[in-house]
Amino acid sequence: MSEENFNKFIDGLADDLEPVKPLAHPLQRILPFFIFAVMYVGALVYFVGVRHDILNKFSDPSFLIENALMVFILVTAGLSSSFLSVPDMRGQKWLIALPFTGIGVFCVWSLIRAYTEGLHMPQLHLDHCMGEGVFMAVVPLTMVLFMMKKGATTRPRLTALMNLVFAAGLGYVGLRFTCMMDTVGHATISHLLPYLAIGTLMGMAAKKLYKW
Amino acid sequence: MPSPSNTNIKPSQNDLWSEYAAKAQQGDKVAYNRLLREIGPFIRNFILKSLANPEWAEDIMQDVLMSVHKALNTYSPERPFRPWLMAIISFRRTDYLRKHYSSRENMQTTLDDFDFQRAHVTNPDHAGEYKDIEAALETLPENQRKVFEMIKIQGYSAKEVANEMGMSVSAVKVSAHRSMKKLKEILQ
Numbered sequence: 002m003s004e005e006n007f008n009k010f011i012d013g014l015a016d017d018l019e020p021v022k023p024l025a026h027p028l029q030r031i032l033p034f035f036i037f038a039v040m041y042v043g044a045l046v047y048f049v050g051v052r053h054d055i056l057n058k059f060s061d062p063s064f065l066i067e068n069a070l071m072v073f074i075l076v077t078a079g080l081s082s083s084f085l086s087v088p089d090m091r092g093q094k095w096l097i098a099l100p101f102t103g104i105g106v107f108c109v110w111s112l113i114r115a116y117t118e119g120l121h122m123p124q125l126h127l128d129h130c131m132g133e134g135v136f137m138a139v140v141p142l143t144m145v146l147f148m149m150k151k152g153a154t155t156r157p158r159l160t161a162l163m164n165l166v167f168a169a170g171l172g173y174v175g176l177r178f179t180c181m182m183d184t185v186g187h188a189t190i191s192h193l194l195p196y197l198a199i200g201t202l203m204g205m206a207a208k209k210l211y212k213w
Numbered sequence: 017m018p019s020p021s022n023t024n025i026k027p028s029q030n031d032l033w034s035e036y037a038a039k040a041q042q043g044d045k046v047a048y049n050r051l052l053r054e055i056g057p058f059i060r061n062f063i064l065k066s067l068a069n070p071e072w073a074e075d076i077m078q079d080v081l082m083s084v085h086k087a088l089n090t091y092s093p094e095r096p097f098r099p100w101l102m103a104i105i106s107f108r109r110t111d112y113l114r115k116h117y118s119s120r121e122n123m124q125t126t127l128d129d130f131d132f133q134r135a136h137v138t139n140p141d142h143a144g145e146y147k148d149i150e151a152a153l154e155t156l157p158e159n160q161r162k163v164f165e166m167i168k169i170q171g172y173s174a175k176e177v178a179n180e181m182g183m184s185v186s187a188v189k190v191s192a193h194r195s196m197k198k199l200k201e202i203l204q
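If you read the protein sequences in the order shown, they are chains A and B. For the first sequence, this note's numbering begins at 2 and goes up steadily by one. For the second sequence, this note's numbering begins at 17 and goes up steadily by one.
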């Protein structure tokens with residue numbers, strides 16, 4: 002590019018400048034989405050129907066650990082999503098390690114449960130949990146995608162993954178409050194498999210989805 | 017185009033860019049113009065080091081400047097400007113190279129088309145690995161290097177090389193083998 006063309010290019014960009022409001026802090030940005038998403042999933046759980054043994058479940062360590070882990074994963078994935086909407090992540094790249102660690106611990110926990118309690122893998126068929134899980138995750142996912150559109154990510158595939166983990170985590174916790182099937186096999190096939198399918202599609206479309 | 021002597025920026029320059037960017041967010045066109053003029057050459061010089069073809073640097077620089085323009089709202093004035101800019105540079109460079117190498121036009125060319133080669137084929141002057149190989153070849157004794165070049169680069173058979181060099185076929189093969197071994201040791 003000649004110096005003249007470079008000058009023209011710069012002048013063109015400068016002429017095109019409009020005042021812009023800097024994005025709010027990622028924590029501020031995610032908080033309203035998070036509150037709304039929790040309220041949405043809570044409302045869906047209420048309409049679908051809370052499982053009858055929920056009070057007993059609150060004294061079941063396995064149930065509590067599983068949900069606490071999933072809450073940790075979804076909260077850290079939501080935070081990571083929010084920071085990923087800024088090119089340099091505001092220097093908080095370490096955040097990405099948290100959901101991955103949570104997922105790792107969750108997988109180990111599930112393996113231990115599968116070993117001790119048995120896998121009880123169900124037949125692969127369309128289950129009502131699949132539909133409800135997708136329904137619980139789709140609105141939080143849309144909201145977080147909307148939030149990402151206001152920013153500019155430099156890591157589209159990782160962003161897609163974090164967005165999905167956030168929404169899927171909410172859906173998963175919601176399903177644990179409605180579904181009485183506590184086996185690892187059912188959770189894997191009916192609760193997690195639909196999100197894997199959505200994740201695959203999002204991963205393939207990530208570059209277009211987060212284009213800016 | 018202005019060209020700074022190197023891509024290292026001083027802390028004060030980073031502060032200045034942060035200040036320009038903050039003013040640009042408020043709509044200050046003069047500050048924005050200065051910012052783009054200063055970061056343009058910085059971007060080009062920074063990415064030039066990692067590209068096989070220097071002409072790509074101009075395209076990537078334009079992409080980065082366009083991205084800075086689009087994503088100006090994502091810059092936080094209380095944070096340093098450089099990490100924000102570097103993240104965009106890295107993203108656009110990777111994006112550009114991925115598109116470039118995946119396009120079909122890079123799969124075919126003719127040796128006569130110099131413009132095409134200049135635009136799409138790795139320039140040996142900018143490719144470190146070529147320089148390394150050339151330097152390694154220089155370390156070989158002259159006869160050994162000639163044998164190696166004739167067999168491995170020019171494609172002659174061992175017999176043809178043996179006739180040309182006045183050596184036995186087995187001596188040619190041994191020489192080529194030793195050269196290859198020595199080059200591997202140097203280049204590893």
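Treat the hints with caution; some may be incorrect.
[What the hints assert, rightly or not] Subject to a maximum C-alpha distance of 20 Å in a straight line, what follows is the list of computed SDA-like cross-link-like pairs (lysine to any residue):
hint	chain 1	residue 1	chain 2	residue 2
1	B	K189	B	A174
2	A	K212	B	R114
3	B	K86	A	P23
4	B	K39	A	L18
5	A	K150	A	E19
For the record, the hints were derived by calculation from the structure and aren't laboratory data.
Comparing the hints with the structure gives:
no.	hint	verdict
1	B/K189 with B/A174	holds, 7 Å
2	A/K212 with B/R114	holds, 15 Å
3	B/K86 with A/P23	holds, 12 Å
4	B/K39 with A/L18	holds, 11 Å
5	A/K150 with A/E19	holds, 18 Å
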